[in-house]
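Q: Single-letter residue listing:
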Amino acid sequence: MPIKIALTKGRVEQQVVPLLEASGIDCSGIRSKGRRLIFDEDPVYETILVKGPDVLTYLNSGAVQLGIVGSDILDEQRNPQYAMLDLGVGRCRFVLASTSDFDPQQVSRKIIATKYPNITKRYFQSIGEDVEIIKIEGSVELAPLIGLADAIVDITETGTTLKENNLHVYAELQPVSTKLVVNRLALKQYQPQIRSLIDALQQTQGVNAQ
Amino acid sequence: MKNRNLPSGTRDEFGPRAAVKEQITAKLLAILKQRGFEKLTTPILEYADVFKPLNLTNNRAYQLLDEQGEALVLRPDLTLPVARMLSTTGVELPAKWYYSGDVFRVKKQLSGSYNQISEAGFELVGYGGLKGEWESLMIALAGCRETGVTEMTLELSDARFVASVLEALPVPTPTKQALQQALFAKNLTTYQQISALLAKTPFGPFLAEWPWLFGEFDDVMKVVAKLPAIPALTPVIDDLKATAAFLKQQAPSQRVVLDLSIPSPQRYYTGMAFRGYTQNASDYLFSGGRYDDLLKSFQQVKEPAVGLAFDVDALADKVATPATPPQTLIYFDADQWQLAEATLARTPNSTLCLADSREEAERIAVSTAKQLIDLTESR
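Chains as they are written, first to last, in the working numbering: chain Z, 17 to 226; chain U, -11 to 367.
Just so you know, these hints were derived from the structure itself, not from any lab.
Everything numeric in this text was worked out from a predicted model, so none of it was measured.
Warning: the hint list may mix true and false statements.
Straight-line Cα separation of at most 27 Å, BS3-like style, residue types lysine-lysine; simulated pairs [stated by the list, open to error]:
1. Z/K131 / U/K95
2. Z/K131 / U/K96
3. Z/K204 / U/K95
4. U/K96 / Z/K25
5. Z/K25 / Z/K131
6. U/K96 / Z/K151
7. U/K96 / Z/K67
8. Z/K204 / U/K96
9. U/K40 / Z/K137
10. U/K229 / Z/K204
11. U/K96 / Z/K137
Using the sequences and the hints given, assemble the complete structure.
A: This is how it looks when you write it as structure tokens:
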């Protein structure tokens, strides 16, 4: 039975495929995928392409053994599996951002818009503040501009989107990067294969770092 | 009634699945009964306090309030109620108890997981020696064998190992804690950064392998041998080796693996822990170990204890559902009741057909694909 990898489609997929190839996994199918979602070109690993939040759903049920997903999603969903390896790609950071007239010391209860309510809640708990959180599905930058919220908690890589919307960073929260996640029991069931994949990925990273 | 849906995380069980689970539970309980264990039943509802020592990681318990406003839970575990019972009833020790029942854990909604898990298990209280672990293992092996699970891998671990090694490392406590956290989360990136500090010490070669310290018993022991002498480890290693030798003698074909890189299943574990899985299972089939600190949550005095619980649902997933032969319906007139009972008693897999006419009986037999014995024919 092949080992199944749930790979986050989109940007993560583009950044990770070269790493997987350098580690000896045949990704020719993903490179020319068309509308396919299951790729069995490699004799050992079968890759499926899914949305980020679904990686953990597949992984937790044991339907796949490995997952590749951003740590933003792992943190938000309180991942119970093993996030074994930082793949060194998809690096960005959570920030608290808002318009220039935002006062972090304001006395009233702040309203924070975000796609990541759990991460936001934990951050404000850690600094001893209670805020009202509004869950937004996309274009979070809009919320303070339109007056829905006082500030936002979101991910930024270069800060360009924030700048274009005249938003400033008021606090830096945890960093984000893409992780290789392993189902706890699968690590035991497929120890030699998973270890050699991790060793190969680490070697690739070592080469890249030089 | 408008809402006829089940709450998230629950299901009805009927037909073959229900039969298989009932059969598995009966087989497990028969083993325990035969070995002289006594039955113990605790309530499904308990005060939330009973489960304070329990770490449910990402799950939580169903909670409600009693008449006085105190928090009650549907039991998320079957071991702590046994400890509560022992601490309040003055039962003479040592004692051997067995139990079966459902536990309830609220898992992530809409993720396809079930919140009600059927377990069957036992607690061995008052015996401090290795014989306690060994009887537990014998029951674990018998349970898998009797319920038809083949190719089970038995995993041993020990709650004392990680703590003893960390204790011996020449680094400050916060570094030890950070290393333990990375080790338990199998976060290799962070683990390697911290362990690099110790690469040049005698612990270096062992630390490089530690996150991977699981697998075939002898292979793991070879890595353990790279450690400098740590006196606190000697009894741990001796117990594990003696147990592996015991298993080799009692069950020569049983695959035994060792994991010395994981946390113990619960905080109250104090010694050896054991779990079983199969190559394509997504859950452990059973889990147990020694927890001499179990009763400490309820009373001042410690009592040695070993216990183990089988996951009946996981076992049922492994067992092929037996194909049941078609059932036979016995149709009869009301005044033929005695004859009907006699026919029922001697016809395997049969049931009385309570239809009021021959036509209806035939219709039922056809629509449910059953055979029909018509006792009215012989009149």
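Q: Determine for every hint whether it applies to the structure shown.
A: Evaluated hints:
| no. | hint | verdict |
| --- | --- | --- |
| 1 | Z/K131 / U/K95 | 22 Å, holds |
| 2 | Z/K131 / U/K96 | 18 Å, holds |
| 3 | Z/K204 / U/K95 | 23 Å, holds |
| 4 | U/K96 / Z/K25 | 23 Å, holds |
| 5 | Z/K25 / Z/K131 | 18 Å, holds |
| 6 | U/K96 / Z/K151 | 18 Å, holds |
| 7 | U/K96 / Z/K67 | 18 Å, holds |
| 8 | Z/K204 / U/K96 | 24 Å, holds |
| 9 | U/K40 / Z/K137 | 24 Å, holds |
| 10 | U/K229 / Z/K204 | 21 Å, holds |
| 11 | U/K96 / Z/K137 | 18 Å, holds |
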